[in-house]
Amino acid sequence: MYSVTRMLDVAEVDRDRLLAAARAGAAATRARHQLVAPTLPGVRNGGDILVHLRFDSEDQWRSVETDFAVTLTDSAITRVNGACYSGDASVRGSHTGTVYRALLLRVLPGTDAHIVARFEDELRLMPGYVNTITAWQLSRVDNPVGTSEWTHVFEQEFTDVDGLMGPYLMHPIHWAVVDRWFDPECPDVIVRDRVCHSFCAMPESVLT
Amino acid sequence: MTGSEVYVIDRVVTRPGCARKFVDCYLAEYAPGARARGMTLRDVLVSPPIWFDDQSNTVTITWSLASAQAWWEMTWKGRPDPTLGPWWDGIGELVEERTRSVAAAAADVDRLCDV
Chain C
1 MYSVTRMLDV
11 AEVDRDRLLA
21 AARAGAAATR
31 ARHQLVAPTL
41 PGVRNGGDIL
51 VHLRFDSEDQ
61 WRSVETDFAV
71 TLTDSAITRV
81 NGACYSGDAS
91 VRGSHTGTVY
101 RALLLRVLPG
111 TDAHIVARFE
121 DELRLMPGYV
131 NTITAWQLSR
141 VDNPVGTSEW
151 THVFEQEFTD
161 VDGLMGPYLM
171 HPIHWAVVDR
181 WFDPECPDVI
191 VRDRVCHSFC
201 AMPESVLT
Chain X
1 MTGSEVYVID
11 RVVTRPGCAR
21 KFVDCYLAEY
31 APGARARGMT
41 LRDVLVSPPI
51 WFDDQSNTVT
61 ITWSLASAQA
71 WWEMTWKGRP
81 DPTLGPWWDG
91 IGELVEERTR
101 SVAAAAADVD
111 RLCDV
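Protein chains in written order, with this note's numbering: chain C, 1 to 208; chain X, 1 to 115.
Note that these hints are calculated values from the structure, not bench results. Watch out, some of these pointers could steer you wrong.
Claimed, not checked - Simulated restraints on C-beta separations: (1) A103(X) x A28(C): 28 to 34 Å; (2) A27(C) x Q69(X): 37 to 43 Å; (3) G90(X) x E12(C): 37 to 43 Å; (4) R194(C) x D108(X): 28 to 34 Å; (5) G93(C) x W87(X): 39 to 45 Å; (6) D142(C) x D110(X): 38 to 44 Å.
Just so it is clear, CB atoms sit at the ideal spot from N, CA and C, and this is done for glycine as well.
Next up, chain C with everything else stripped away, as it sits in the complex (with noise of 0.2 Å):
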C-alpha cells in the first residue's frame, strides 16, 4: 500500500469550507481508503484537519498527485505536515478501531543506522503492550511535507480516545522505554524536533 496524509493548519472560520473542499479533494483521488476529518481535542502540532489516502500502488498516487495539491492551495490553509510513504498495516485482535492516529517525527541526521533500527523496534514493541491498539503502521518516510524533514510515521487505530489518552500514554512501554528516544534530557535522545500528533475520529478502518 502507498500512503498520503496530510495534517492542514486552518482558520477555525474556514473549517468547514475546507474540510468539504479536502473530502472531494480526496473523493477524486480514488484512493482505496479515504480519512478527511476534524482533529480532536489534545492533538499536539497536529493540525486542525487529518487527512489520510491509502492507494494500492505509490503510481495510483502520482497520477493523482498534482490535483491533489491543488486542493490545498487554498489561502485559509497556514500550514501543512505530512509525508508519503509505502508500507502494510499490523492488525491486533478483533476490535474495530474509532479513532485514527498519525505521529510524524523526524530522527536526527547522522544517527547511526543501528541506533535507528532500535528505536523502530521499540517503537514496534508498543502494539504489543497496549491492547486499544487495534492497528498500526510504522513507516520511513519518501516524501515529507512542512515544518520538518519527517523520517518516519507511526499510524494506529484505537479503540475510542480513552484508549490512546490513557492505556497508550500510561503503560510504561511508553514512558519507561521508547519516550528516551524523544527526551532531550536523556543521552539516548534522536528525535529532537518538534513531532506532529495528531488523530481524529475514524468511521471505519482505514490501516486495514
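We have chain C already, so just place chain X on it with the hints.
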C-alpha cells in the same frame, strides 16, 4: 495506577576529579527546575564515597513522582524548555558517561502495566 510512584534515575560517571563539582552544579542549577516540574529529590549517592582527585565517581541521583500521570506532566513542562538540553550539554565537561532511566517499585509493576 495513579498511586504507583515513578522514579527517574540519573546515573552519571564523572570525569576524574569532577564528582564534587558535578554534584554542586546539579543541585544548584538543575534541581530547582526539576522540583518546579514536580519531581521530588530522593537521593544523591556517590560511589565510592570519596571525592577523588584523579579518578571517576559514579553519582546516582533518584527523583520520584507521584504517578505515571505526574511523570507526563513533568515531561510536558520540561520538553518545551529550550534550556534543558543545553544544560546537559554544558555539564558534559564534567561527565564521562551517563544514563537516565525510569523505574518503579517491584510491587507496583503489575499495577502500572494494567492500564
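Quick one: are A27(C) and Q69(X) within 37 to 43 Å, going by C-beta? holds, 41 Å
_Range hint 37 to 43 Å (beta carbons of G90(X) and E12(C)) holds or violated_ = With Cβ atoms ~42 Å apart, the hint holds.
Check your understanding: Does 28 to 34 Å hold as the CB distance between A103(X) and A28(C), or does it fail?
Key -> Violated, at about 52 Å.
Check your understanding: Does the Cβ distance between R194(C) and D108(X) fall inside 28 to 34 Å?
Key -> holds, 32 Å
**Study point:** CB-CB spacing for W87(X) and G93(C) relative to the 39 to 45 Å hint
**Key:** Distance hint for G93(C), W87(X) holds at roughly 43 Å.
*Is 38 to 44 Å a correct range for the gap between the Cβ atoms of D142(C) and D110(X)?*
holds, 42 Å
Checked against the numbered hints given earlier, the structure breaks only hint 1 and satisfies all the rest.
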